[in-house]
Amino acid sequence: MLHVNHINAFYGKIQALWDISLNVHEAEVVALVGANGAGKTTLVNTISGLLRPTSGLIEFLGKRVDDLKSHSIVELGMSHIPEGRMLFPNMSVRENLEMGAYTKRVWKNKHKTLEQVYDLFPVLRARQRQLARTLSGGEQQMVAMGRGLMSNPKLCIIDEPSCGLAPIIVQEMFGIIGSLRSQGIAIFLIEQNVQQTLEIANRAYVLENGRLILEGNSQDLIQEEMIKKAYLGL
Amino acid sequence: MDITTLKSKKSLIWWTVIFTIFILLIFLPFYTQGYAVVLLISILVYVILTLSWVMFSGSTGYMSLAPAAFFGVGIYTSALIGKVFPFPITVLVGGMASFILAILVGALTLRLKGIYFAIFTFGLVMLIAYSLLFFEIQVTGTRGRFVIVMDYNTIYFYMLGIFMLLLLTTYLIKNSKYGLALRSIGQEEDAAAHTGVNVVGVKVMTFAISAFFMGAVGSVMATKLTYIDPFIAFSTTYSFMPVAMAIFGGTGSLYGPIIGAAILTYLEEILITKFAEVYMLIFGAILVAAILYLPDGLVGFIQKIWRRLMERNHVDT
Chain A
1 MLHVNHINAF YGKIQALWDI SLNVHEAEVV ALVGANGAGK TTLVNTISGL LRPTSGLIEF
61 LGKRVDDLKS HSIVELGMSH IPEGRMLFPN MSVRENLEMG AYTKRVWKNK HKTLEQVYDL
121 FPVLRARQRQ LARTLSGGEQ QMVAMGRGLM SNPKLCIIDE PSCGLAPIIV QEMFGIIGSL
181 RSQGIAIFLI EQNVQQTLEI ANRAYVLENG RLILEGNSQD LIQEEMIKKA YLGL
Chain B
1 MDITTLKSKK SLIWWTVIFT IFILLIFLPF YTQGYAVVLL ISILVYVILT LSWVMFSGST
61 GYMSLAPAAF FGVGIYTSAL IGKVFPFPIT VLVGGMASFI LAILVGALTL RLKGIYFAIF
121 TFGLVMLIAY SLLFFEIQVT GTRGRFVIVM DYNTIYFYML GIFMLLLLTT YLIKNSKYGL
181 ALRSIGQEED AAAHTGVNVV GVKVMTFAIS AFFMGAVGSV MATKLTYIDP FIAFSTTYSF
241 MPVAMAIFGG TGSLYGPIIG AAILTYLEEI LITKFAEVYM LIFGAILVAA ILYLPDGLVG
301 FIQKIWRRLM ERNHVDT
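Residue numbers (our numbering), protein chains in the order written: chain A, 1 to 234; chain B, 1 to 317.
Hint data in this document are derived by calculation from the structure and do not stem from the laboratory.
Note that the coordinates shown come from a computational prediction; the quantities given were computed from them, not determined experimentally.
All residues carry an ideal CB built from backbone N, CA and C; glycine is no exception.
One or more of the hints may lead you astray.
[Unchecked claim] When the alpha-carbon atoms are kept at most 27 angstroms apart in a straight line, the in silico DSSO-like pairs for lysine-lysine are as follows:
hint: 1; chain 1: A; residue 1: 104; chain 2: B; residue 2: 174
hint: 2; chain 1: B; residue 1: 113; chain 2: A; residue 2: 112
hint: 3; chain 1: B; residue 1: 113; chain 2: A; residue 2: 69
hint: 4; chain 1: A; residue 1: 69; chain 2: B; residue 2: 177
hint: 5; chain 1: B; residue 1: 174; chain 2: A; residue 2: 110
hint: 6; chain 1: A; residue 1: 13; chain 2: B; residue 2: 113
hint: 7; chain 1: A; residue 1: 154; chain 2: B; residue 2: 177
hint: 8; chain 1: A; residue 1: 108; chain 2: B; residue 2: 177
[Said to hold, decoys possible] Counterexamples of contact, computed for chain B against chain A with all Cβ distances above 10 angstroms:
hint: 9; residue: 13
hint: 10; residue: 22
hint: 11; residue: 28
hint: 12; residue: 116
hint: 13; residue: 146
hint: 14; residue: 148
hint: 15; residue: 151
hint: 16; residue: 160
hint: 17; residue: 196
hint: 18; residue: 226
hint: 19; residue: 229
hint: 20; residue: 269
hint: 21; residue: 274
[Said to hold, decoys possible] Residues from chain B shown here face chain A by an in silico Cβ test under 10 angstroms; the list is partial:
hint: 22; residue: 180
hint: 23; residue: 181
hint: 24; residue: 186
hint: 25; residue: 187
hint: 26; residue: 188
hint: 27; residue: 190
hint: 28; residue: 194
hint: 29; residue: 197
hint: 30; residue: 199
hint: 31; residue: 200
Let the hints inform the model, and build the full structure from the sequences given.
Rendered as C-alpha cells:
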C-alpha cells in the first residue's frame, strides 16, 4: 500500500536520506529502527508530506503522493502520529481528538469514531473535558494515538510511541499497536526500543546514517549478529 | 436542573441581553443628539478593528501590526471612488480591496513566524503610506484628497451594520470546525498540519476576512474625516490601538475585545479633553499596568473574581 522508491532528501545542503526504498503492505506492522540521528523522523516526515524528497517517488494506495501537501495525504488515509506527541496543550482531550477527524472524509462520522477511540483508551473518556497539558505522559501519548486514529486511517505512521514512558505503559502501547493490526490497519512503526519492536513487527528496516542497511523479517533480524551487537546489547 | 437546561437558560439570557443592547444601539440616535453619536462612532471604529484583529491574531498567535494598512486602504478607496459609486458599493469595494491585499501579503509572509511577521506587517503600513505619498506628490500633484461628507447618523448606522456582521462572522467561525483549526494552529502548528489542516490556507483566509472588515470600516471612517492624506489614512495608531485594546480587554472571549476597545476609547476621549498635553503619558501608564496586572485582560480578571465568589458561596451553602 505504501511504496517508497529511491528517494533522496536534503536538509539545506546536507543530504539526510540516501536512495531509500521500502514497502508497507496491507494489515502489516513494519518497523523502522535505527540510532538517534539516523534519519528516521526525516524519512517519515518525507513520507507524510512535511518534507519534499529531491528525487524519487512515493506512492500510497497506488497514487503518487510525494508532490502532495500533508493535508491532502491525510485525506487519502495516511495518518502520522508525530514524535513528542505534539498535542494542542490548551485544548481539551475531546477537542484534541476531534481535530484528528478534521478531514472531510471523516468529520461527519466523528462521534462514532470518538466512541471507538474511547473504547480503545477508556481513561480518555473520563478525562475528555480536561486540558491536554494537564495529563500524564502516558495519557498524552494515548491522546496522540487516539487523534491519529480519528482520521480512520488505512496506514498509521507512529513515531517513537514509547518515548519517555514508563515500561508498563510502553507495554500497553505495544498491545494497542497489535490490536490495530488485527483491525486491518497497516502500521509503520519507528522505534528505538528494538527488542520489543521486532517482537511485534512482521518486517523491519534498519536505517543508519540516512541509508537503509538491512531489511527482512523481524524473526530473522533478531538472529542477525549485527543487530544483536548494535541494538540489543547482546 | 441538569447541565444542558442550565446551559440553554444561560445562553437564552445572553441572547436577550445582546438583542436588547442592539435595539438600544439602533434607536440611540433618535433620542440623543450630537456628542453621544460621535463618541459611539469612535468606539465602534475601534471595536471593529479590535475584534477583527482578534479574529486572526488572537487565535493563531500571529501578531499582525497591519490593521492600519487595511484600514487605510479602505479610507483611500472611499476617497477615490466615493464620489462615483453609491455608498454601499464603496464600502464593499473598500473591504474587498483590503481582502485582496491581505491574501497577497498573507500568502507571501505567513510563513514568517513570531517577531518577523509582526515587523513585516508593520513595514507594510509604512511602505503603502510612503508609496502613496510619493504618488500623490509626483503624479497627482497634491498631498491629500477630499472625501464625500455624510451626516453622523448615517455613518453611525453603517458602523453598526458592519459591527453586527463582524460579530456574527466571529461567532460562526468560533463555533465551527474552522475555528477549531484556527486555535490548533495557534497552539501547535505542525500538529495541525499532521491532522490534515491546510495550515497556510486557513491562515491566509482568516487574515483576509479580518482585513475585509478593517477595510470596510475604513471606507466609512473616511467620510467622517472629510479630508485625508497618506499619513492620516495610514496612521500607525490604528495598528497599535487594536492590539492594546485586545490585550486590555482579554482575547479569550468575544466580549473581551469589545469591552477593552470601548473602555479605552472612552478613556482616550476623556484624557484628550481634560489632559491634552500628557494624555499619551497617562494612557501608556494604564496600558503598562494592565499588561502587568491583568494577564488575561479585564474580562479574564473579572471572570476569576466571579469564579472565586461562586466557589465561596458553594462552600457556604
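Evaluation of the provided hints:
About 19 angstroms separates the Cα atoms of residue 104 (chain A) and residue 174 (chain B), which keeps this hinted pair within 27 angstroms; it holds. The suggested pairing of residue 113 (chain B) with residue 112 (chain A) is violated, with an alpha-carbon distance near 37 angstroms, which exceeds 27 angstroms. Between the alpha carbons of residue 113 (chain B) and residue 69 (chain A) the distance comes to roughly 20 angstroms, so the proposed pair stays at or under 27 angstroms and holds. Distance check on the hinted pair: residue 69 (chain A) and residue 177 (chain B) sit about 20 angstroms apart at the alpha-carbon level, within 27 angstroms; holds.
With a C-alpha separation of about 19 angstroms, the suggested pairing of residue 174 (chain B) with residue 110 (chain A) holds against the 27 angstroms cut-off. With a CA separation close to 23 angstroms, the supplied pair residue 13 (chain A) and residue 113 (chain B) stays within the 27 angstroms bound. For the given pair, residue 154 (chain A) sits about 23 angstroms from residue 177 (chain B) by alpha-carbon distance, which is consistent with the 27 angstroms threshold. At most 27 angstroms may separate the alpha-carbon atoms for a hinted pair to count; residue 108 (chain A) and residue 177 (chain B) meet this at roughly 11 angstroms.
Interface exclusion of residue 13 (chain B) from chain A stands, the closest Cβ pair being 23 angstroms apart, more than 10 angstroms. For residue 22 (chain B), the condition that its CB be more than 10 angstroms from all CB atoms of chain A holds, with the nearest at approximately 31 angstroms. No beta-carbon of chain A comes within 10 angstroms of the beta-carbon of residue 28 (chain B); the shortest separation is about 38 angstroms. Once the 10 angstroms rule is applied to beta carbons, residue 116 (chain B) is consistent with being away from chain A; the minimum gap is 19 angstroms.
Distance to chain A confirms residue 146 (chain B) as a non-interface residue, since its nearest Cβ pair spans about 48 angstroms, more than 10 angstroms. For residue 148 (chain B), the requirement that its beta carbon stay farther than 10 angstroms from each beta carbon of chain A is met, with the minimum near 46 angstroms. At roughly 47 angstroms from the closest C-beta of chain A, the C-beta of residue 151 (chain B) stays outside 10 angstroms, upholding its exclusion from the interface. For residue 160 (chain B), the non-interface assignment is confirmed: its Cβ lies about 34 angstroms from the closest Cβ of chain A, beyond the 10 angstroms cut-off.
Not every CB of chain A lies more than 10 angstroms from the CB of residue 196 (chain B), the least distance being 4 angstroms, so the non-interface label is violated. The claim that residue 226 (chain B) is not at the interface with chain A holds, since no C-beta of that chain comes within 10 angstroms of its own (minimum 46 angstroms). Its beta-carbon lying about 44 angstroms from the closest one in chain A, residue 229 (chain B) satisfies the requirement of being farther than 10 angstroms from that chain. Every CB of chain A is more than 10 angstroms from the CB of residue 269 (chain B) (nearest about 36 angstroms), matching its label as outside the interface.
Distance to chain A confirms residue 274 (chain B) as a non-interface residue, since its nearest Cβ pair spans about 41 angstroms, more than 10 angstroms. Satisfaction of the interface hint for residue 180 (chain B) is found here, the shortest Cβ-Cβ separation to chain A being roughly 6 angstroms, below the 10 angstroms cut-off. A cut of 10 angstroms between beta carbons decides the hint on residue 181 (chain B): the least distance to chain A is about 6 angstroms, and the hint holds. Evaluation of the residue 186 (chain B) hint against chain A yields a held restraint, the C-beta minimum of about 9 angstroms falling below 10 angstroms.
The restraint placing residue 187 (chain B) at the interface with chain A holds, with a minimum CB-CB distance near 4 angstroms, inside the 10 angstroms limit. The closest approach between the C-beta of residue 188 (chain B) and any C-beta of chain A is roughly 5 angstroms, which is under the 10 angstroms cut-off, so the hint is satisfied. For residue 190 (chain B), the suggested interface contact is upheld, since its CB lies about 6 angstroms from the closest CB of chain A, less than 10 angstroms. Checking residue 194 (chain B) against chain A by beta carbon gives a least distance of about 5 angstroms; that is within 10 angstroms, so the hint holds.
With 10 angstroms as the threshold, the beta carbon of residue 197 (chain B) comes within range of chain A, its nearest partner Cβ sitting at about 6 angstroms, so the hint holds. Using the Cβ-Cβ criterion of 10 angstroms, the hint placing residue 199 (chain B) at the interface with chain A is satisfied: the shortest such distance is roughly 8 angstroms. Here the hint on residue 200 (chain B) is kept, as its CB sits about 8 angstroms from the closest CB of chain A, short of 10 angstroms.
Violated hints, listed in ascending order, are 2, 17; each of the other numbered hints is respected by the structure.
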